[in-house]
Structures are given as structure tokens and as C-alpha cells.
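Participant: Here are the chains, one letter per residue:
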Amino acid sequence: MEQQYSPSGPVAIAPSLSFKGSGSSYFGILIVNMLLSVVTLGFYYPWARAARLRFLYASTEMEGSRFAWNGTGKEMFIGFLKALGILLVIGAMVGLFAWMKVPFLGLLVYLAAIVFVVPVAIHGANRYHWSRTTWRGIRFGYRGNRNEFVKLFIREMLLTIVTLGFYGSWMFMKIRNYVVGNIRFGSGVFFYEGDGWEYFKMNLKGYFLTIITLGIYGFWWQADIFRYNIDHMRLLHGDKVFNFRSTASGGAFAGLLILNALLLIFTLGIGYAWVQTNTIKFLMDNVEIEGNIALDELAQTEEEYKNATGEDLADMLDLSII
Amino acid sequence: MFTGQFYNHQVAKSITITVLVVEAGLLLQVPGAEDGVVQPVYWLFADMQVDLTDRSFIRITHQGADAGTLEVSDPAFVKTFLQYYKPSRITRLEQLVVRGGLKWSLAIVLGMIALLLVGNFVVLPWCAGIAAERLPHSFDRQLGEMARNSNPELVDTAASALLTAFARQIQWDTRDSLTFVVSRRDIENAYALPGGYMVVYTGLLKKLKTPEQLAALLSHEVAHVTRRHAIRALCSNMSSMLIINLIFSGGGTLTGQLFSNAASLNSLRYSRQYEEQADLTGLATLRENHIDQQGMLSLMETLQQLDHQHHIPEFISTHPLTDRRVRYVQQQIARYPATAKQHPAMAALFQQLKESSR
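Chains B and R, in that order, give the protein sequences.
Heads up, the first sequence is in the working numbering, so the first residue is 1 and it goes up one at a time.
Heads up, the second sequence is in the working numbering, so the first residue is 1 and it goes up one at a time.
Derived from the structure by calculation, the hints contain no laboratory data.
Careful: at least some of the hints might be erroneous.
As the list claims (entries may be wrong) - No farther apart than 25 Å at their CA atoms in a straight line, the calculated lysine-lysine pairs in the DSS-like style are these:
#1 R:341 / R:209
#2 R:341 / R:354
#3 B:20 / R:79
#4 B:20 / R:103
#5 R:13 / B:20
#6 R:103 / R:86
#7 B:82 / B:151
#8 R:13 / B:240
#9 R:86 / B:74
#10 B:174 / B:205
#11 R:354 / R:207
#12 R:354 / R:206
#13 R:103 / R:79
#14 R:341 / R:207
#15 R:209 / R:79
#16 B:174 / B:201
#17 R:103 / B:281
Based on the sequences and whatever the hints tell you, model everything.
Facilitator: So, in C-alpha cells, the structure goes:
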């Protein structure tokens with residue numbers, strides 16, 4: 001066979017991840033956000049969120065190039081209005097049934113809304129969020145199927161309820177496997193293989209040791225969770241792969257979290273910007289990527305998706321996606 | 001000439017290129033389709049989207065036929081670029097701040113503090129004034145009654161009748177129907193509730209030496225009523241509460257707060273401005289009734305002397321007697337001298353009051 005001569009051989013490379021944002025620049029952005037939110041009685045919120053995300057993404061660097069957040073306040077504002085509309089309709093129905101003296105039906109509507117709205121929000125948020133994230137001009141994307149995901153979510157939710165919550169770890173892992181497994185990085189495909197039993201054991205151990213050590217083990221538990229999130233993730237591109245690995249130790253987490261708490265207390269909260277930038281810097285510094293994917297070859301495959309309704313719903317319901 | 005990274009939106013390939021900032025845009029030396037061939041591309045300022053992250057990193061995106069992204073991590077480039085790229089093109093406010101650096105952020109923090117201070121000391125009192133104007137007088141009476149019921153006084157009927165007779169000697173310029181009450185308690189204080197309910201404690205009566213002092217005391221308290229200081233103070237308290245609620249997104253009904261404040265009306269501390277206004281209005285009342293204005297000054301002196309004894313009389317703690325206030329009263333008396341007459345009826349009633357308060 002002819003030997004392909006390309007810059008990307010099967011050599012192992014390790015792209016570096018780092019966070020370059022300065023606390024003072026971020027502070028400036030948060031201050032403007034706050035000022036405008038107060039002046040506009042909170043209506044500036046979507047634009048504030050866009051400004052914040054844009055800064056954080058543009059300050060994160062991989063292999064010498066920064067990430068980019070392309071979402072706009074306008075998109076998120078429209079999404080916000082739609083999300084508000086959905087929640088208002090649900091609220092009105094619950095209210096109506098209560099007024100008609102059939103609160104049982106209201107409760108049913110409420111439960112049904114949770115069961116349907118939450119997965120729809122997660123789906124929409126992922127579609128919007130990843131489509132608006134780029135690196136070197138290449139879009140990320142989410143290819144999950146909404147109906148499939150809603151079915152998966154309802155099934156797992158029911159199992160968790162039936163087992164009085166014991167199934168929670170398995171549910172969490174199944175959902176993450178599905179969501180992360182449908183994230184695209186251009187022509188690269190993400191992959192996550194979390195195992196419910198392992199995750200359950202880890203959390204059980206973390207929970208009891210934290211109680212026994214009066215909370216001190218909590219930092220190590222945190223490091224375990226972070227490691228579990230990172231180490232089970234892979235990026236595939238053709239027959240090539242990138243593995244992710246966390247190098248954050250419990251001790252390092254303790255240092256970070258204690259320092260952050262002190263910073264917040266002694267600056268009376270003004271240090272919040274620095275707390276966030278420190279945290280992101282810490283996380284980025286503690287993720288190692290290794291493999292043989294040639295980043296140059298990742299191609300533009302994902303479409304643009306500008307509907308932020310799911311993103312805003314998820315934000316309003318306080319579901320953390322990433 | 002600067003170097004930056006160029007991305008063509010097709011593959012994640014980072015191409016190092018040279019960039020030139022020119023009059024109306026950027027000149028990029030982008031590699032062409034063939035190897036080794038460099039093709040100059042011209043991007044107009046008008047067609048580009050600029051993301052200024054901080055003063056050392058800028059991202060410029062160009063849409064259209066030759067879509068692409070340029071990223072430059074070079075403070076010198078950012079500086080040069082911003083000299084040519086007009087600030088009016090920057091549509092995102094936070095980017096203006098990034099452009100200005102920490103100085104701008106601090107300026108905005110100071111601006112916000114200034115805004116809050118102006119809001120608190122100028123806008124709120126103004127709004128409170130307007131709100132107070134719009135509240136009907138019946139509201140004053142209602143509020144005064146609530147305060148009275150929540151804190152009933154031990155009324156000395158005989159002394160109250162004497163005090164009422166004394167007060168009737170004075171022409172009050174007010175729409176409110178005034179009620180004067182003596183309460184038999186050893187507290188050196190007096191207060192007025194909205195709607196015109198005045199209470200003088202025997203503790204204070206004992207310390208007064210002349211009828212002019214008592215007239216001055218009453219005219220000061222009545223002025224609080226006619227000027228509706230209690231309503232104004234409540235309205236401004238409430239609007240502060242409103243702002244705090246707004247910021248911390250709490251709730252609560254406003255009238256509920258107004259009425260919950262009613263209980264503390266008799267120990268309400270007025271601002272210095274209200275005290276001065278009450279003093280000046282009180283002086284005018286004394287002048288109009290041909291009562292010696294010096295009564296106000298000697299009242300203050302008497303109270304101040306009490307101050308130097310073992311304890312601070314309560315009247316002083318609710319009506320702080322500053323040197324400024326005394327000076328103000330002196331100046332006012334000098335500015336508006338008035339003839340004072342003898343008031344034998346008042347003197348007689350005062351004498352009886354003094355005796356009854358023993």
C-alpha cells in the first residue's frame with residue numbers, strides 16, 4: 001500500500017488546555033452586567049449571560065487556539081420569552097385545576113410537566129449550547145434525538161422513583177452516556193462510558209467517609225467525582241482517539257476551595273470574579289488530553305442552531321448541563 | 001505588520017498569517033489553494049464581527065464568501081486595531097469596559113455607588129414627598145389612632161384639661177384637630193402623632209420653667225404634625241424598604257409595612273432637616289401669637305443642662321440638640337424680631353400645670 005504522507009501520523013500528541021482569563025477583566029464584565037441588570041430591572045439578563053459565556057469561552061485555550069461562544073443576548077432573550085411562556089402555561093393549568101377544585105389533576109399536570117419539560121429542556125439546551133460553541137471556527141454540535149431522549153429520561157426517572165432513589169446513579173450515568181455520546185466536535189465524536197454500579201460505589205464511599213471525617217473527605221470525594229467525569233470521556237475521529245484524564249487530587253481541591261472561600265469572605269463577595277476564574281483555571285490545568293487525533297483534520301460538519309428556548313428553560317429550572 | 005492565526009471555517013487547521021491594519025479594514029495574507037501561493041484578502045471594518053476578550057486577545061470573524069476567523073494574541077495589535085476601529089462600532093457595552101481595563105470597572109463601581117447614594121438621598125425623599133402629598137389627611141388620623149392604640153398612655157385628665165386650655169391660648173395654623181394630653185410618667189419627653197395627638201409627660205413638664213418654654217415645645221411638636229413629618233418619614237422608610245426588596249427580590253405588602261411601622265411612631269427619630277423645619281415653623285407660630293421667641297432658645301438650654309446631669313433626657317435622644325440647631329434658632333430670631341406681649345392667662349395655666357405635675 002502507498003504510504004500516506006500527512007502531518008498526522010499515528011504519533012501520540014497531548015494538546016494542552018489552559019485558561020487565560022484574568023480576574024480583573026472578568027470583574028469588569030460582571031460589573032457592567034450587574035449595572036445594566038439593575039437599570040433594566042433584570043431584563044438585561046440574557047445579554048449578561050451571553051457576555052459572561054463569551055468571555056469565559058474566549059479565555060479558554062486548547063493547543064494555542066481559544067474556544068468561542070457565539071450565542072447572543074437576543075437569541076437567549078427570545079428563548080427566555082418562550083421558556084417563560086411554557087412555564088406560565090403550566091402554572092396557569094395547575095392554577096386552573098386548583099380553582100376548579102380538582103387539585104389532583106393539577107398535580108398530575110405538574111408531574112407530567114416535570115417529566116416532559118426537563119428532558120426537552122436538556123435536549124434543547126445541548127443543541128443550542130454546543131452549536132454555539134466553536135474552536136478554530138469549527139462548531140460543536142449535539143445530535144441526540146429528542147423523542148428518544150424523552151423516552152430514555154422517563155424510563156430512568158420511573159425506575160429511580162420505584163427504587164426510592166437507589167437507581168439514581170444508574171440513571172445519571174445512562175443519561176450522561178447518551179448526552180455526551182451525542183456531542184460532536186466537528187467531525188469528532190465524543191464518547192462517554194460511565195457505569196452506574198461504579199459511580200454508585202464511589203458516591204457511597206464518598207458519602208460515608210465525608211460523614212466520618214466530619215466533612216474533610218469531601219474534597220477527595222469532589223476530586224473523585226471530577227475524575228469520574230473526565231476519565232470516562234473520549235473523543236473519536238475515524239480510527240483515532242483522544243483520552244481525557246484528570247490530575248486533580250483531593251488535596252489540590254481542598255487548597256482551591258478553601259482559598260476561594262477565604263477570598264469571598266475577606267472581599268465581602270467582590271472576589272467572586274476571581275473565585276470563578278481561579279476555579280476554571282484549576283480545572284483546565286488538571287485535565288490532560290492524550291491520543292493520536294490530528295486536530296487540524298477536524299472538519300466542519302455541524303449545522304447552526306439558534307433556538308435558545310431549551311437553554312433558557314434549563315437555566316430557569318436551574319439544571320446544570322455542563 | 002502583525003502575525004495572527006487564521007481559520008477557514010472548513011477544517012480546524014491553524015494557519016499563521018501576517019495581518020496589516022489599514023484605513024478601513026484589515027489586509028490578510030492568506031495562503032491560497034496551491035502551496036506557497038499567498039493571496040491577499042481585504043476585510044472591511046464594516047463587515048467584521050469583533051470580539052475583544054481582553055487587551056491581549058481579539059477575535060475577528062468575517063462572514064460571506066471568504067468566511068474566516070482571525071485570532072491575534074498580541075497587545076500591540078489590539079492597541080493598533082482599536083485606534084483604527086471606531087468605538088462606535090463596538091456594540092457590546094462590556095467590550096468598552098474591557099477596552100478601558102480595570103480603571104473602567106472601578107469607575108463603574110463608583111458610578112453605581114453614586115447612583116445608589118443619589119437614589120437614597122435625593123430620589124427617594126422626593127418620591128416619598130410626592131407619596132405623602134397624595135395621601136389624604138384622614139390617613140394621618142388613622143395612623144395616629146393605630147399608634148395610640150398600640151401604645152396607650154396613662155392620661156392625667158385634669159392636667160390634660162389644663163394643657164388643652166393652655167394650647168387654646170395659641171392660634172394654631174392647621175387643618176388637624178389637635179388633642180393635648182398629659183401622661184403621668186417620669187419621662188422627660190413629648191411627642192406628636194400624625195393627626196394631631198400630642199403627649200407631654202409630667203417628667204418633662206417638671207423641668208420647664210416658663211410658659212414660653214411650654215409654648216415653644218408645643219409649637220415645635222405641632223409643626224411636626226402640620227408638616228406631616230411622620231408620614232414623610234414613613235414613606236421614605238418604606239421606599240428604602242421597597243428598593244431593598246427590589247434588590248433582594250423579596251415581597252410583602254406595602255401597606256402592611258406602613259402599618260407595622262405605626263407602633264414605633266412615638267419613638268420615631270426625625271432627620272435633622274425635619275427637626276429644623278419644626279423649629280422654624282414653631283418659631284413662626286410663637287411670633288404670630290406674640291409669644292417671646294426666646295422661649296425656644298431657653299427650652300433648648302434647659303434641656304441641654306439636663307443633658308449635663310446624670311442622664312440624658314429622652315427628649316434629647318429623640319430630638320438631638322446640636323449646636324447647629326441652637327445657632328439656627330438664634331439666627332432666625334435675629335432675622336425676624338417680633339414684639340412679645342404678656343400672656344397672663346397662659347402664665348396662670350402654666351402655674352397650675354406645674355403644681356399638678358408635682
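Participant: It remains to establish, for every hint, whether it holds in the given structure.
Facilitator: Going through the hints against the structure:
1. R:341 / R:209: Since the Cα atoms of residue 341 of chain R and residue 209 of chain R sit roughly 18 Å apart, the hinted pair holds (cutoff 25 Å).
2. R:341 / R:354: It holds: about 22 Å lies between the C-alpha atoms, which stays within 25 Å.
3. B:20 / R:79: The hint holds at about 19 Å.
4. B:20 / R:103: holds, 20 Å
5. R:13 / B:20: At roughly 21 Å apart (the allowed maximum being 25 Å), residue 20 of chain B and residue 13 of chain R satisfy the hint.
6. R:103 / R:86: holds, 20 Å
7. B:82 / B:151: holds, 23 Å
8. R:13 / B:240: With Cα atoms ~17 Å apart, residue 13 of chain R and residue 240 of chain B stay inside 25 Å; holds.
9. R:86 / B:74: holds, 23 Å
10. B:174 / B:205: holds, 21 Å
11. R:354 / R:207: Measuring from Cα to Cα gives roughly 9 Å; hence the hint holds.
12. R:354 / R:206: With Cα atoms ~6 Å apart, residue 354 of chain R and residue 206 of chain R stay inside 25 Å; holds.
13. R:103 / R:79: Cα-Cα ~16 Å, so holds.
14. R:341 / R:207: holds, 24 Å
15. R:209 / R:79: Cα-Cα ~78 Å, so violated.
16. B:174 / B:201: Cα-Cα ~16 Å, so holds.
17. R:103 / B:281: At roughly 24 Å apart (the allowed maximum being 25 Å), residue 281 of chain B and residue 103 of chain R satisfy the hint.
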